[in-house]
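S.K.: Protein chains in written order, with the numbering used here: chain A, 108 to 342; chain B, 1266 to 1475.
Simulated from the structure, these hints should not be mistaken for laboratory data. For glycine and all other residues, C-beta sits at the position ideal for the given N, C-alpha and C. Please note: incorrect hints may appear among the correct ones.
As the list claims (entries may be wrong) - Derived list of chain A stretches under chain B, where covered just means 3 residues or more per stretch with a C-beta under 8 Å from a C-beta of chain B:
{"hint": "1", "segment": "119-130"}
{"hint": "2", "segment": "151-157"}
{"hint": "3", "segment": "168-181"}
Stated by the list, open to error - Here are some chain A residues the structure puts well away from chain B; computed CB gaps all over 12 Å:
{"hint": "4", "residue": "W226"}
{"hint": "5", "residue": "L231"}
{"hint": "6", "residue": "A232"}
{"hint": "7", "residue": "V263"}
{"hint": "8", "residue": "L271"}
{"hint": "9", "residue": "E317"}
{"hint": "10", "residue": "T323"}
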Amino acid sequence: MTWTCELTEARLSDYLDGLLSPDDRHAFDMHVNACEHCVPFVAGVSHLLTDLRSLEQIEPPPQLVTLILNRTIGPRETKKGWRLAFGWLNALASARFAYSAISVAASLLILLTAAGFSWRKPKLADLSPATIYRFADQQAHLVYARSTKFVSDLRVVYEIQSRLSKDNELPTTPETTMPQSAPGKNPGSTDGTRPATPKQQNRANGIGRELELLATQVPIISGAWSGQLIGRRTP
Amino acid sequence: MAPRSFGVKLVTVAGFEADDTLEQDAQLVQQCLQGDGSAWEELVRRHTRRIFNICYRFTGNGTESEDLSQEVFLRVYKTLGSYRSAHGGFATWMTSVTRNLLIDHYRRTKRDRITDSLEDSMPVVENKESVGRRPDQQLLLGELSYQVQNALTKLSPELREAVILRDLQQLEYNEIRQVLDVPEGTVKSRINRGRIELARILQQMGVRPS
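Here chain B stands alone, though its shape is the one from the complex:
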């Protein structure tokens, strides 16, 4: 009998660095460096949604995500001259800047995180009550997304960013390696542990898999 396969619906993870996107971004960057304001505006429009999603999935807070997204673009705008296409695509470089800002933000707000961890040590409430805490976010995100977001915030930063970049932003291992600036083996290890931990947290929250 053929063994049962637990193959996930293997979605082809193509990453966001398609050749056309790479070339268009490179052209826009060159135009920006020559002082073309409309090129910068186009870059902002192309990448705002993605950067906001990374920030939101990492912080779980809409207001903080807005502020952090602005900080990301401000930093990119100021350091655009330091970007080198030989070091990777513009989107990858921008994700790296985002990640660094998120980690800095996380360390600055560590005190608040300690408080949250104390709350986490209390008995896990049922899913109904956790849903009732933030009805606006639940309505905004949808139930599954809201539950995943809750579970993500309970992961450590290293595992959280790995899962976000791989499974929510669908980056390739090579791109994640560039963003995190760690060996590929470390990237795989973090992704694996992050997925397992996330599944365990969701199970503890009583979230049934689809």
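Bound conformation, chain A alone:
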């Protein structure tokens, strides 16, 4: 392809931007070097491009950003003096901060109460680590003792209940408990049934005593069981 001056002018930007193929670039160079019209023409434009790309950005007026912000999101007050000093307090007026503050206060309240702090007669000594530890240890032992006692009481009640249920399973009609005379035997002789042994009687009395003791300690069930126990005390 024959490279002409018109083609040089038409493809000049492609040449200067490095967009020509190697063959076209070679042809371009060959033509320009040999053309007295194209040499100053290409040189002038290439130097212009160098100058344009070396130009620095112009700094806008310093108030331009402020003017733009005022026209878009509205004017903003410049805080001075005490407003500037206490401006950070505005951040405390948010719901998030309020919730956080309430949570922290509630946590402190619970912790102090659990630590034994007396709100009616507050003492600074109550906040000492040793006092808090001592109180916490005392409370822990008390809770453990109470829970152990409760479990033990429940166990006693369960045992008593199970024994009573067993006793209830035995026949209780007067014909079975009262000594009966055998129809065919002579008067005065026994029918072979054996009355309650002393061991069994003592055992029943013991259960009754335990139930009475339990009734005083566990008033909830005393009303339910006391009536039955009294009826069962004596055979």
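Start from chain A and add chain B according to the hints.
M.R.: Coordinates of chain B only, in the frame set by chain A:
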């Protein structure tokens, strides 16, 4: 003999749509849409300089550039909900809004432009006198920048915006195509003609290339 190459110091034109910038802008836009004022402020700070430069290079007037920059951000603020990342980066979209505003402004002030063109038809004054016209701008911009600015204002709007976006803002061809909403071939043609015309104007002004 190897042919002499007129290769310009080929600056790697990376454009401004680097991945990190894209992602940060997208996040800020999302926060703005959720009502975060600080995110909008950050977007303004990130893009004010670039938008101002586009406006100034196109209009050549500092006061007009300030007003137009504010208009750009106001329009972006009002239409932020219409921005879709699938259509390109936020910076590209913002440049497109800027370009449209500049063209609208240019058409509104066409009468003044006609007056300027009459002045342009008079004999070209020497560089010294043109420098003396606006000493404050020359001091502000630097001599080369001032001369380039003078030459840019003499280009037609289509060629001017193409050269500004390519050679001053260093956008890629694809990004310029999105901003101007024209085919890429048209973009290349305008850039080429704009550069040639700009070089010719600077030569007529007596500006020697560096």
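S.K.: Provide an ascending list of the numbers of those earlier hints which the structure does not satisfy.
M.R.: Failing hints: none at all.
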